[in-house]
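A.B. asks: These are the residues of each chain, in order.
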Amino acid sequence: MAAPQISETDQPAAPLIDRPDPAQHGLQAHSDGGSAFVPVQTRSERFTSTSPDDFEAVTGREFEWKFVPLAKVAHLISDAVDGSPTAFSYTENGGATVDWIDRTNALIGSAGAPEERASANAWSSAEKALHILVTGEDGQETVIRRDRFDGSARAAHVVIEAAPNSKGTVILEHAGDANLAENVEIVVGDNAQLTVVTVQEWDDSAIHLSSHFARIGRDANLKHVIVSLGGSVVRVNPSFHLVEQGASIDSFGLYFADAGQYFEQRPYVDHVAANTRSRVNYKGALQGEGAHTVWVGDVLIGPHADGTDSYEQNRNLVLSEGTRADSIPNLEIETGNILGAGHASSTGRFDDEQLFYLQSRGITEEEARRLVVRGFLAEIIQQIGSETLEARLSQAIEVELLAAQATE
Amino acid sequence: MSVLKIEDLQVSVETEQGTKQILRGVDLTVGEGETHAIMGPNGSGKSTLAYAIAGHPKYHVEGGSVTLDGEEMLDKSVDERARAGLFLAMQYPVEIPGVSVSNFLRTAKTAIDGEAPAIRGWIKDLDASMKALRMDKSFRERNVNEGFSGGEKKRNEILQLELLKPKFAVLDETDSGLDVDALKIVSEGVNRAKENTGLGILLITHYNRILRYVKPDFVHVFVAGKVAEQGGPELAVRLENEGYDRFLADTTVG
Ligand SMILES: Nc1ncnc2c1ncn2[C@@H]1O[C@H](COP(=O)(O)OP(=O)(O)OP(=O)(O)O)[C@@H](O)[C@H]1O
Ligand SMILES: [Mg+2]
Numbered sequence: 000m001a002a003p004q005i006s007e008t009d010q011p012a013a014p015l016i017d018r019p020d021p022a023q024h025g026l027q028a029h030s031d032g033g034s035a036f037v038p039v040q041t042r043s044e045r046f047t048s049t050s051p052d053d054f055e056a057v058t059g060r061e062f063e064w065k066f067v068p069l070a071k072v073a074h075l076i077s078d079a080v081d082g083s084p085t086a087f088s089y090t091e092n093g094g095a096t097v098d099w100i101d102r103t104n105a106l107i108g109s110a111g112a113p114e115e116r117a118s119a120n121a122w123s124s125a126e127k128a129l130h131i132l133v134t135g136e137d138g139q140e141t142v143i144r145r146d147r148f149d150g151s152a153r154a155a156h157v158v159i160e161a162a163p164n165s166k167g168t169v170i171l172e173h174a175g176d177a178n179l180a181e182n183v184e185i186v187v188g189d190n191a192q193l194t195v196v197t198v199q200e201w202d203d204s205a206i207h208l209s210s211h212f213a214r215i216g217r218d219a220n221l222k223h224v225i226v227s228l229g230g231s232v233v234r235v236n237p238s239f240h241l242v243e244q245g246a247s248i249d250s251f252g253l254y255f256a257d258a259g260q261y262f263e264q265r266p267y268v269d270h271v272a273a274n275t276r277s278r279v280n281y282k283g284a285l286q287g288e289g290a291h292t293v294w295v296g297d298v299l300i301g302p303h304a305d306g307t308d309s310y311e312q313n314r315n316l317v318l319s320e321g322t323r324a325d326s327i328p329n330l331e332i333e334t335g336n337i338l339g340a341g342h343a344s345s346t347g348r349f350d351d352e353q354l355f356y357l358q359s360r361g362i363t364e365e366e367a368r369r370l371v372v373r374g375f376l377a378e379i380i381q382q383i384g385s386e387t388l389e390a391r392l393s394q395a396i397e398v399e400l401l402a403a404q405a406t407e
Numbered sequence: 000m001s002v003l004k005i006e007d008l009q010v011s012v013e014t015e016q017g018t019k020q021i022l023r024g025v026d027l028t029v030g031e032g033e034t035h036a037i038m039g040p041n042g043s044g045k046s047t048l049a050y051a052i053a054g055h056p057k058y059h060v061e062g063g064s065v066t067l068d069g070e071e072m073l074d075k076s077v078d079e080r081a082r083a084g085l086f087l088a089m090q091y092p093v094e095i096p097g098v099s100v101s102n103f104l105r106t107a108k109t110a111i112d113g114e115a116p117a118i119r120g121w122i123k124d125l126d127a128s129m130k131a132l133r134m135d136k137s138f139r140e141r142n143v144n145e146g147f148s149g150g151e152k153k154r155n156e157i158l159q160l161e162l163l164k165p166k167f168a169v170l171d172e173t174d175s176g177l178d179v180d181a182l183k184i185v186s187e188g189v190n191r192a193k194e195n196t197g198l199g200i201l202l203i204t205h206y207n208r209i210l211r212y213v214k215p216d217f218v219h220v221f222v223a224g225k226v227a228e229q230g231g232p233e234l235a236v237r238l239e240n241e242g243y244d245r246f247l248a249d250t251t252v253g
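Chains G and L, in that order, give the protein sequences. Numbering that gives the first Met the number 0 applies: residue 0 is where the first sequence begins, and numbers increase by one. Numbering that gives the first Met the number 0 applies: residue 0 is where the second sequence begins, and numbers increase by one.
No lab work stands behind these hints: they were computed from the structure. Ideal placement from N, C-alpha and C gives every residue a C-beta, glycine not left out. One or more hints might be untrue.
Facing chain L, a subset of chain G residues (Cβ under 10 Å, in silico) [claimed, not checked]:
no.	residue
1	Arg-278
2	Gln-353
3	Val-371
Taking CB as the label site, the calculated pair distances span [unchecked claim]:
no.	chain 1	residue 1	chain 2	residue 2	range
4	G	Ala-390	L	Ile-118	53 to 59 Å
5	G	Thr-103	L	Arg-141	51 to 57 Å
6	L	Met-0	G	Ala-390	48 to 54 Å
7	L	Ile-118	G	Glu-333	35 to 41 Å
8	L	Asp-112	G	Gln-394	22 to 28 Å
9	G	Gly-384	L	Glu-79	38 to 44 Å
Let the hints inform the model, and build the full structure from the sequences given.
C.D. replies: Rendered as structure tokens:
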């Protein structure tokens with residue numbers, strides 16, 4: 000009988016610059032056959048600009064774009080987009096205020112700057128920014144529901160700010176149709192504890208290119224969770240800058256791609272200051288012809304980031320033929336004096352042997368799949384910390400599974 | 000009295016060189032509470048018989064029947080057979096990432112019984128069985144078979160046997176890879192299941208030593224895809240001493 004098909008790369012602290020061969024786990028032949036192009040420059044030297052014209056025209060050969068179905072998103076990269084504010088709804092709870100701020104506000108740009116053209120296009124087009132200021136200290140939850148976009152090309156800018164010593168959760172919920180390029184800045188004040196969850200449950204037609212930039216202050220913690228379940232092309236790329244001593248990031252991701260869906264996430268952890276800590280953990284499930292997911296995890300431990308403690312991992316679970324999961328961890332270490340740095344990447348298949356084993360214990364095929372997927376993704380769901388949202392997402396995943404099975 | 004009846008079972012697999020016939024007319028009848036040992040050389044088709052009974056999709060039934068109390072099993076799906084009362088303890092149990100042992104066992108128990116077990120009784124049974132098999136409680140939270148040693152995987156198979164209470168079980172080399180202590184512990188588990196539920200057993204093994212603990216009523220010699228000889232427990236001793244040479248005179252393995 001075949002052995003379980005899990006491939007793993009678990010490695011302890013890497014040498015000075017470690018760019019392992021990109022792991023490419025397609026169950027389908029990889030169309031270009033070669034390994035992914037990884038620029039040899041370090042991540043910190045990557046070009047940034049808020050003006051799209053400073054970037055060269057995108058050809059699809061760039062590492063940032065090489066996996067994306069470019070035809071579906073090209074207009075968001077190079078055409079004019081509508082940057083006027085779009086209505087949203089939110090629940091008032093006292094722990095936070097929500098308003099629109101001008102693009103000239105000093106907050107804009109305080110957490111980062113675009114590294115690619117679609118992000119710059121959105122940056123320069125957005126007329127106002129949605130500003131969520133967390134001041135409460137009791138961990139209140141603010142839910143922003145963004146479900147009033149439509150199919151027209153739009154740009155948006157969001158700033159989530161956690162005041163020093165505050166504690167709270169901000170949930171961005173996305174549903175309906177969208178054709179959206181946006182930037183989300185997250186500014187975590189000293190000693191604050193902020194949770195940001197972005198949930199993409201878009202309609203099948205939706206396009207969403209989102210860049211998140213976080214600046215995490217002294218002894219502050221950001222828990223950042225990306226959940227992508229619906230949409231045609233959904234890309235959420237967060238950069239986390241640990242710029243002050245004792246700053247930490249817990250970056251989680253959960254995605255479930257069905258037939259024809261493309262979900263990408265590229266968490267980048269930038270250890271700038273000493274004694275900073277990062278944990279990156281993304282899990283994805285793929286089911287159905289043409290389901291494609293991409294995870295690129297960059298961790299940069301800078302020359303002054305002594306005492307860094309860092310670990311990143313991505314695990315994918317493949318549920319059917321015809322899917323493709325790209326998983327590429329990159330670790331650059333520029334100081335010898337760290338606590339730990341490691342990465343792991345694996346793509347496992349829910350295979351016929353596992354199915355047989357579960358069925359031979361009386362469990363039906365549908366139940367077996369649910370059992371495996373539920374168990375696999377539960378680790379991430381449990382991290383969210385909002386009971387209501389956790390319950391709703393568990394339910395949403397069950398629905399995904401049922402829908403995918405119905406079309407088999 | 001329950002009875003598992005295998006008649007003229009013929010099974011093939013698809014190989015790169017084409018269809019390969021493996022089972023060539025197997026006849027075996029196992030009554031309730033009976034233990035039948037199956038011994039035979041490597042590649043003779045013992046695991047194939049086990050998988051074919053359980054319904055593994057890789058094995059194609061070309062002819063014959065497997066009935067449980069008169070009901071044809073070969074028409075049923077894998078999970079239907081399990082719910083009808085068949086159990087296979089695998090030679091190489093499969094790892095299931097992301098699913099904890101306790102979740103798996105509860106789901107299986109619910110599926111087999113058609114209703115969820117009452118929580119308190121279930122936890123008590125689980126604890127008792129794990130204790131008897133000397134499995135630490137921490138196994139409940141581990142993923143099924145993931146990172147288990149060979150011996151731990153075999154104990155986990157017998158744990159399921161005890162909890163799911165099938166009518167008939169095929170144990171495929173459950174004794175392989177067990178040290179003496181583990182062999183005793185696992186054998187006791189099998190014997191408990193026999194006593195408590197009248198389990199009928201097809202016990203596939205290469206060694207006589209498990210048969211000292213799990214006493215067979217019959218021993219069958221399996222050669223080239225069929226039963227070549229049958230006898231009582233004394234046949235197992237003879238096979239261990241003499242090997243299979245006298246059956247292999249005119250056959251080659253593979
Ligand atoms: N997928 C396959 N392709 C080719 N040959 C196969 C396949 N599956 C089984 N066989 C062959 O069928 C024969 C019987 O295998 P089986 O595993 O049933 O033997 P066994 O009696 O259990 O042996 P062992 O004592 O080594 O466990 C072997 O010759 C094996 O190589
Ligand atoms: Mg075998």
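A.B. asks: Hints first: check each against the structure and report whether it holds.
C.D. replies: Here's how the hints hold up against the structure:
1. Arg-278: Hint on Arg-278 (chain G): violated, closest Cβ of chain L at ~19 Å, above 10 Å.
2. Gln-353: 5 Å, holds
3. Val-371: 6 Å, holds
4. G:Ala-390 - L:Ile-118: 53 to 59 Å: With a Cβ separation near 21 Å, Ala-390 (chain G) and Ile-118 (chain L) fall outside 53 to 59 Å, so the hint is violated.
5. G:Thr-103 - L:Arg-141: 51 to 57 Å: 56 Å, holds
6. L:Met-0 - G:Ala-390: 48 to 54 Å: 49 Å, holds
7. L:Ile-118 - G:Glu-333: 35 to 41 Å: With Cβ atoms ~54 Å apart, the hint is violated.
8. L:Asp-112 - G:Gln-394: 22 to 28 Å: Holds, since Asp-112 (chain L) and Gln-394 (chain G) (Cβ atoms, about 26 Å apart) stay within the stated range.
9. G:Gly-384 - L:Glu-79: 38 to 44 Å: Cβ of Gly-384 (chain G) to Cβ of Glu-79 (chain L): about 41 Å, so the range 38 to 44 Å holds.
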